[in-house]
Amino acid sequence: MSATRNGHADAADNGDSVPAPISKRFADIPSAIDIPVQGDQEDEAVEIDLEDLVDDPTELCTLFENEQAARTYWMTVSLAYAKQKKIDHAIEMLNRGGNAMQDNNPKEKLSIISCLCWMYLWKSREAPRVLPENDTQSEAKTKDYYLQLATSSLNDASRINPAFPPLFLARGVLQLLKASLQTPSKNPGVGREGDRAGHEKDKTDLLKSALKAFDQASKVSQGKNMLASLGRARALFGLGNYKDSLEVYQSVLKKMPDLVDPDPRIGIGCCLWQLRYKDDAKQAWERSLEINPESKTANILLGLYYLDASSRVPTNGPEFIRLYKKAMNEYTQKSFKVDKNQPLTCATFANYFLSTKNLPYVDSLANKAIQFTDVNAIASDGWYLLARKEHYSGNYDIAADYYRRADEARGGLDRGYLPAKFGVAQLSVLNNDLGEAKLRLEKIIQSASKNERNYEAMILLGTLYAEEVFANQYASPKEDKSAEMRKAIDYLEHARTAWKDPKKNLSPDSAILLNLARLYEGDHPEKALECLLQVEQLELDQIPASEHPTDVEDESALRNALRKNLPPQLLNNIGCFYSQAEKHDLASQMFEAALSSCMRISEKGEDEDTDSLVTTISFNLGRSYESQGLTDEAVDVYEKLLVRHDNYIDAKARLAYIKLRKNPNKEGPDAVAHLQQENSSDLEVRALYGWYLGRVSSRKRSGNVNEDPELRHYKHTLQHHDKHDRYALIGMGNLYMMAAREMRRDTEQEKIKRSSGYTRAVEFFDKALQLDPKNAHAAQGIAIALVEDRKDYKAALPIFLKVRETIKDPNVYINIGHIYAELRQFSKAIENYEIALSKEGKQDDAGILACLGRTWLNRGRHERNLDAYKNALHFAREALRVSPDQIHFKFNVAFVQVQQVQYITNVPETQRTLAQLEEASEGLEAAIIALDEIATHPNPPYPKTDLEQRANMARNTQRKQLARQIEKQKEYEEKNKEKLAAALEQRQAEMKRREEERQKALDQERERQDKIRKEREEIAAHDRELAEQREKEEQERMQADMTTDSETGARVSRKAKNKARGKAKPKSRSRKKQEADDDDDESEEERQPKKKRKLASKKESNTKYKSAEIVVDSSDDDDVLDRADQAIENHRSPASDADDASRADDNENRMDVDNTAGQDDDDDEEVTATRATRNARRGRVLDDSDEDENEAGGSAEVEGDDGSGAGAADTSMADAADDDEEE
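So the sequence shown is numbered by numbering that gives the first Met the number 0: it starts at 0 and just counts up by one.
In case anyone wonders, no lab produced these hints; they're calculated from the structure. Do not rely on the hints blindly, as some may be mistaken.
As the list claims (entries may be wrong) - Within a straight-line C-alpha distance of at most 20 Å, the following computed SDA-like cross-link-like pairs (lysine to any residue) qualify: (1) K502 - N453; (2) K714 - Q676; (3) K325 - L353; (4) K486 - K502; (5) K82 - S22; (6) K722 - K766; (7) K790 - D765; (8) K967 - Q1008; (9) K84 - K336; (10) K603 - Q536; (11) K1010 - Q998; (12) K790 - R759; (13) K254 - K295; (14) K82 - P20; (15) K140 - N340; (16) K211 - K242; (17) K793 - E804; (18) K714 - N678; (19) K801 - D522; (20) K807 - A580; (21) K202 - D373; (22) K582 - K603; (23) K356 - N366; (24) K84 - A31; (25) K356 - Q425; (26) K480 - L513; (27) K969 - P907; (28) K639 - T609; (29) K526 - Q541; (30) K218 - T182; (31) K486 - Q568; (32) K974 - A925; (33) K869 - A925; (34) K722 - R759; (35) K84 - K339; (36) K486 - A497; (37) K477 - D866; (38) K1013 - Q1003; (39) K582 - N559.
Using the sequences plus the hints, can you model the full thing?
Written out as structure tokens, the structure is:
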């Protein structure tokens, strides 16, 4: 039944207005009553005006006692007092009347005792739940006191006549009121868990007893007692059975639509609210208010509805203001005017005054809510409001006690009241008991379901973990806070994700984003930048339209213009992250906007230190200009900084560095030396001077590292300025490692000395890492030492892969390439070399080109691939082109040409061509000439005799071998010329045919897929039409079956109405069958109403019918469709297929990656265990030149931190042959 039609009758159909129902409570109490008295005349009586009774009923009681008035007179007068809300006088009348009838028949006294019980129940509803604190002299009685009196009266009446019908109803109401007063603190149990369990059990037992009593009252009245039905609905509501409770309330309204006191519409709305039909609940309450505009309950419930609606819209929008004003001004205020002690209204107003910080009103209203309510949830709200009030006032101990009471009023422990639990956690934070706070917040988060996360608790807990991480950054020694960082990011990101869900109605919070940015700063700077950009957008959105410039239309220009209104710290941080990401143009824009913001703050005269901000931001702007190559602009910025602060050493250091780069001979060195003399104690200046000494002395280093001026400078820094200076420690480690690299290693003693040099270098690197565990340069130094000293490539590789993420230097990729080359993972080595070659300033780096040539040569020898030899020769020639004066590059070209001849002579005729042999022959002749020239060079890369021997072997042995192979190849190709041409032509034709068939199949598959898609769309459209038609027909049929109920005026089903009438006169049938049918009906009703069940079954059958229309029966057809979908989605060009085939071939020839290198982000190259075993069993194939391969030795050295290792790396190709002997 719709709530909007509740209370209407059929008379409304003819257009006549129906008067609103009125309350029938005390309707049978007359306005006056005549009391017979003893006198001269028999009909003498005293008239009593029941509408204007005296305030003291003592005289009336004396009169009734003297005249021995009948029971009805006592009860009528007491009910008249009750009608005027003078319950105490009514109770006094009933007590005096009961005492006056002590000698009469006990049954005469029964009605008075029963009425007295109801008066006590009434007083219990109006009495306070608890007495005010510190009010020991008050004569006020509590609810529990009156319930005990009601219980005593009920027991007295039951002893007279336990079957007296009004007693059933009274007993049910008594049990309801007792159940509402059940609190966890008053129940026995083992510990607090047992306390709560006992409370739940006792409350449930009381509600079930009340339900039984109401059922008895209804049975006695043959279902006509509507108050018993309302009591049953209330008991079901208390048990959480909202659906059945709603049905009972609706049945009461059907049978008695003019019932307004009590109003079943209030109960209907409450049930609908609990069932999540909030709009329907509002309609029920509005109808109740329409009937009774002075209903305090309907007013406050509608106020709560609009408060709930306001919580689902943004608080800064006009809709929130409209809903909130309507809730408070129109409904809550009216309810408060009707009854200032209404607990729910008091709690609502107290919450309003708490939001406005009007704390005295909060105290009085919250205490009223606690004292007069008989609902635990409202008492919990009252305690919570008092706790918040004390929390704001700084009375943390009192607030903690009130929070505890609020939590326990709702069950405590795992249930309880989450805002109260959250308040206790906040108090723990304020008391600096962070461990307790985190424990409580963790419990709150764990107790919440996945769909109803407590985001406030997540935000606070994430912030606590974040602050713990931030504090550890400045602690000494530092602890491992990686787990705390993960938790902080996880909780804060959950809250950030929730902002995107409009249903959660959560507003973005800049504080969360700033904390996330700080957490991401070290490991994920790109995510930190994303958070700061989101903060920037939030700040821009808050700028009012009145401050927008009117002459700017371009969006980017408008954004730049508005940035001056943002905090300069935010803009500076964004610029720093842009600079770190090498987006220097964007960084410069941010720094310039930050300076504009500082100027705006200075002009407004705001109390903020802008001088330090301007200094820092200006320096960052200068560094950004430097990175963009705008040296003059950077110099201008630094000079202006020195005008403001002439002792700003960082600016002086940058100017000296710029002069050194521009004038490395005179002015630059003088500026650096002068800076060092003036600021010899500044560590940054000393670091710059040490770097300068390293560049000056790099060409004239002596054999004794201890005499190196750069090392002595670093040692002086550590001894006299700061023994923990990381730059000096790493610098000394680099110098010791470079010295060890240059040491001889012919004898065992020399090897030990060299190893001790590396050990000394590692000690310095390790000390730097102890001071800064994330120092990438120190980690790289250790990795280089591991490779050069111990050849421990597997241990060094993970370090380099980590360092690669931090150090933006091509040398890191070169070092990784060296390691992959030594591990025989040639494709990854080549990939890293090419990345290094693509970096700025390295496009024509001869060292990298030589390393690429060497790696391609090793790959060709390893994979027996002629194309790899050609690539090796290409990069060797490129290196020689870049550095034609380097004689060892010329040797590399000749060496590759000789190796190519050696390989091609052993290739079968079927796998080579005459053109390739002739090309190799030309290369061999060039190599012979080059080797002769290299042997006559003043500084040959190898001994002259070795070079001459290689030239003679190429001239004599290899030239003859190659000539024989050319003759064989000519004979082979001449003999099989026609076959080769035919095979080539057939192969090309076959490839063309396959490509045409493949393209045709793809076209057919595409056409078929389009056809299937169109058919499915047509079927779906037809299906929708059928569904709409069926739905329309069903609605028309249902509308035709509807009729107007003569009692309630509601629209009901004609069949349901007939069936209800039929139940009044059931057909005679066997009792057994009738009981079975009744059981079936009851079980079906428990699952779902019968009417809905029929509709559901029809809908279900329709769904099956529709599904059968569009789903193909054959599973084979489904597979074909799936294959067609996949074929269309995976459609590629022939070129891409060829690439795939080549990749597959590469995968077959790749080596397995060592497990320790699993941290690499690149694609792993894997080989199955079967292939690895097969390769191991194949053994090693030796060729003629193996005996000559030991003539060239050495391995590629790893690049140093400062890049000085690039020149020292051995880029010779000669040792490429040695790699094959190690297989």
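For each hint, the structure was consulted:
Taking the CA atoms of K502 and N453, the gap is near 14 Å; set against the 20 Å cutoff, the hint holds. Straight-line distance between C-alpha atoms of K714 and Q676 comes to about 17 Å, which keeps the hinted pair within the 20 Å bound. Restraint check for K325 and L353: satisfied, since their Cα atoms lie roughly 19 Å apart, inside the 20 Å limit. For the given pair, K486 sits about 25 Å from K502 by alpha-carbon distance, which is inconsistent with the 20 Å threshold.
Between K82 and S22 the CA atoms are separated by roughly 12 Å; this keeps the pair inside 20 Å, and the hint holds. Restraint check: the Cα-Cα separation between K722 and K766 comes to about 10 Å, which is no more than 20 Å; the hinted pair holds. Our distance criterion of 20 Å between C-alpha atoms is met by K790 and D765, whose separation comes to about 19 Å. The suggested pairing of K967 with Q1008 is violated, with an alpha-carbon distance near 56 Å, which exceeds 20 Å.
Between the alpha carbons of K84 and K336 the distance comes to roughly 17 Å, so the proposed pair stays at or under 20 Å and holds. A hinted pair counts as satisfied when its Cα atoms are at most 20 Å apart, and K603 with Q536 does not qualify at roughly 23 Å. Of the supplied pair hints, the one linking K1010 and Q998 holds, its CA atoms being roughly 18 Å apart against a limit of 20 Å. With a CA separation close to 17 Å, the supplied pair K790 and R759 stays within the 20 Å bound.
The hinted pair formed by K254 and K295 fails the criterion: a straight-line CA distance of about 25 Å is larger than 20 Å. Our distance criterion of 20 Å between C-alpha atoms is met by K82 and P20, whose separation comes to about 19 Å. Between K140 and N340, the direct Cα distance comes to roughly 16 Å. Compliance with the 20 Å bound is thereby established for this hinted pair. Simply put, K211 and K242 have alpha-carbon atoms about 19 Å apart, close enough for the 20 Å limit, and the pair holds.
Restraint check for K793 and E804: the C-alpha separation of about 18 Å stays at or below 20 Å, so the hint holds. In summary, the hint linking K714 to N678 is supported, as the alpha carbons are separated by about 17 Å, within the 20 Å threshold. Taking the CA atoms of K801 and D522, the gap is about 11 Å. The hint holds against a cut of 20 Å. Between K807 and A580 the CA atoms are separated by roughly 10 Å; this keeps the pair inside 20 Å, and the hint holds.
For the suggested pair K202 and D373, the alpha carbons sit about 13 Å apart, so the restraint of at most 20 Å is met. Using a Cα cut-off of 20 Å, the hinted pair K582 and K603 is violated, with the two alpha carbons roughly 32 Å apart. Restraint check for K356 and N366: satisfied, since their Cα atoms lie roughly 17 Å apart, inside the 20 Å limit. A hinted pair counts as satisfied when its Cα atoms are at most 20 Å apart, and K84 with A31 qualifies at roughly 17 Å.
With a C-alpha separation of about 18 Å, the suggested pair K356 and Q425 falls inside the 20 Å cut-off, and the hint holds. In summary, the hint linking K480 to L513 is supported, as the alpha carbons are separated by about 19 Å, within the 20 Å threshold. A distance of roughly 13 Å separates the Cα atoms of K969 and P907; the hinted pair therefore holds under the 20 Å criterion. Simply put, K639 and T609 have alpha-carbon atoms about 16 Å apart, close enough for the 20 Å limit, and the pair holds.
Taking the CA atoms of K526 and Q541, the gap is near 23 Å; set against the 20 Å cutoff, the hint is violated. In summary, the hint linking K218 to T182 is not supported, as the alpha carbons are separated by about 32 Å, beyond the 20 Å threshold. Straight-line distance between C-alpha atoms of K486 and Q568 comes to about 27 Å, which puts the hinted pair past the 20 Å bound. Taking the CA atoms of K974 and A925, the gap is near 31 Å; set against the 20 Å cutoff, the hint is violated.
Taking the CA atoms of K869 and A925, the gap is near 15 Å; set against the 20 Å cutoff, the hint holds. A C-alpha spacing of about 17 Å is found between K722 and R759, which places the hinted pair at or below 20 Å, so the restraint holds. Among the hinted pairs, K84 with K339 is consistent with the structure: their alpha-carbon atoms are about 16 Å apart, no more than 20 Å. Taking the CA atoms of K486 and A497, the gap is about 17 Å. The hint holds against a cut of 20 Å.
A threshold of 20 Å between alpha carbons decides the hint, and for K477 with D866 the separation of about 54 Å lies outside it, so the pair is violated. For the hint linking K1013 to Q1003, the alpha-carbon distance of about 15 Å falls within 20 Å, and the restraint holds. Taken as a hint, the K582 and N559 pair is honoured in the structure, with Cα atoms around 17 Å apart against an allowance of 20 Å.
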